[in-house]
Amino acid sequence: SQTIHQWPATLVQPVGSPLSLECTVEGTSNPNLYWYRQAAGRGLQLLFYSVGIGQISSEVPQNLSASRPQDRQFILSSKKLLLSDSGFYLCAWSVGQTRETQYFGPGTRLLVL
Amino acid sequence: GQQLNQSPQSMFIQEGEDVSMNCTSSSIFNTWLWYKQDPGEGPVLLIALYKAGELTSNGRLTAQFGITRKDSFLNISASIPSDVGIYFCAGQFNNNNDMRFGAGTRLTVKP
Chain P
65 SQTIHQWPAT
75 LVQPVGSPLS
85 LECTVEGTSN
95 PNLYWYRQAA
105 GRGLQLLFYS
115 VGIGQISSEV
125 PQNLSASRPQ
135 DRQFILSSKK
145 LLLSDSGFYL
155 CAWSVGQTRE
165 TQYFGPGTRL
175 LVL
Chain H
240 GQQLNQSPQS
250 MFIQEGEDVS
260 MNCTSSSIFN
270 TWLWYKQDPG
280 EGPVLLIALY
290 KAGELTSNGR
300 LTAQFGITRK
310 DSFLNISASI
320 PSDVGIYFCA
330 GQFNNNNDMR
340 FGAGTRLTVK
350 P
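Each protein sequence line maps, in turn, to chains P and H.
Going by this note's numbering, the first residue of the first sequence is number 65, and it counts up by one from there.
Going by this note's numbering, the first residue of the second sequence is number 240, and it counts up by one from there.
It should be emphasised that the hints constitute simulated quantities derived from the structure, not laboratory data.
Each residue gets a CB set at the ideal place from its N, CA and C atoms; glycine is no exception.
Careful: at least some of the hints might be erroneous.
[Unchecked claim] Distance ranges between label pairs, derived from CB positions:
#, chain 1, residue 1, chain 2, residue 2, range
1, H, Ser321, P, Gln126, 33 to 41 Å
2, P, Val79, H, Ile306, 44 to 52 Å
3, H, Leu294, P, Trp71, 37 to 45 Å
[To be verified] Selected chain P positions facing chain H (in silico; Cβ < 7 Å):
#, residue
4, Arg106
5, Gly107
6, Gly169
7, Gly171
Looking at chain H on its own, in the form it has when it is part of the complex:
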């Protein structure tokens, strides 16, 4: 079952606004991943984080691996309509069969 708490569950924002979402866990992870899922499609990897404290950017997206290794956040700057979708965090212990997903953050961007 899920061991990650992802928040918020949903967000309704205006185009151009910045977005922030996060995941916390009671367990320590060695890798944090952020995925985006468009309706009816599989998740697509956005950012992968491998070291505590690591801050990584991918275009308008920035994600950080928390120092405690129990949390991670994802920021989206200057949101655009195509940012709409569900964003999932995932924590991985050592093996891919130990990966756990958050419940997702559903993002809606109003033009």
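Chain P on its own, in the form it takes in the complex:
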């Protein structure tokens, strides 16, 4: 069966510090991968998605970047965090790109102070 992991689970970082969140998927090959941000009390906003190694599409302009160095690894990064980057970050995967449901990881709660 497929599983998705995210770490760290919780992170507290000062403003201006760098960020690296990691997501890995097991049990499947060539998954589509997604990064979402969930602000407190709100729905999910798609940040990035990837259909393959090195292929990243950005949905919204922002202070963050994403990379996919390996087939089942997706990384969310920032060079300098802003207060507004605080939130709950969710990684998700799907088998295909068309009409395929997405399965979410446990999330990383980021607090920027």
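We have chain P already, so just place chain H on it with the hints.
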């Protein structure tokens, strides 16, 4: 940004009661999905709907894909304390990068 209107925003009900929530959109979707999120965890898929008019059940949960393809509802029958959480609807056009989420319905069940 969000293109779905999900209601109600929150519900406080007594254990055993039935629950109904819905999502509407100005856009047509090809797929409707319902997720549940427990505190501090990622959303878990409950029901996926692929055809207009489709009515699908998953235990005590029932969801329907509206005929107009612009709305969907989720019903929970005979609620129990573990139903507590945030329920999200999601509409998908054709690709997963076109998926849009509602703001969520926060459900509280009193024993």
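A quick look at each hint next to the structure:
Judged by the Cβ atoms, the range 33 to 41 Å given for H:Ser321 and P:Gln126 holds: they are separated by roughly 36 Å. Restraint check, P:Val79 to H:Ile306: a C-beta distance of roughly 50 Å satisfies the suggested window 44 to 52 Å. As the Cβ distance of H:Leu294 to P:Trp71 is approximately 39 Å, the hint placing it in 37 to 45 Å holds. Hint status for P:Arg106: holds, given a least beta-carbon distance of 6 Å to chain H, under 7 Å.
The beta carbon of P:Gly107 comes within 4 Å of a beta carbon in chain H, closer than 7 Å, and the hint placing it at the interface holds. Look at P:Gly169: its Cβ gets to within about 5 Å of chain H, closer than 7 Å, so that hint holds up. Proximity of P:Gly171 to chain H holds as hinted, the smallest CB-CB distance being about 5 Å (cut-off 7 Å).
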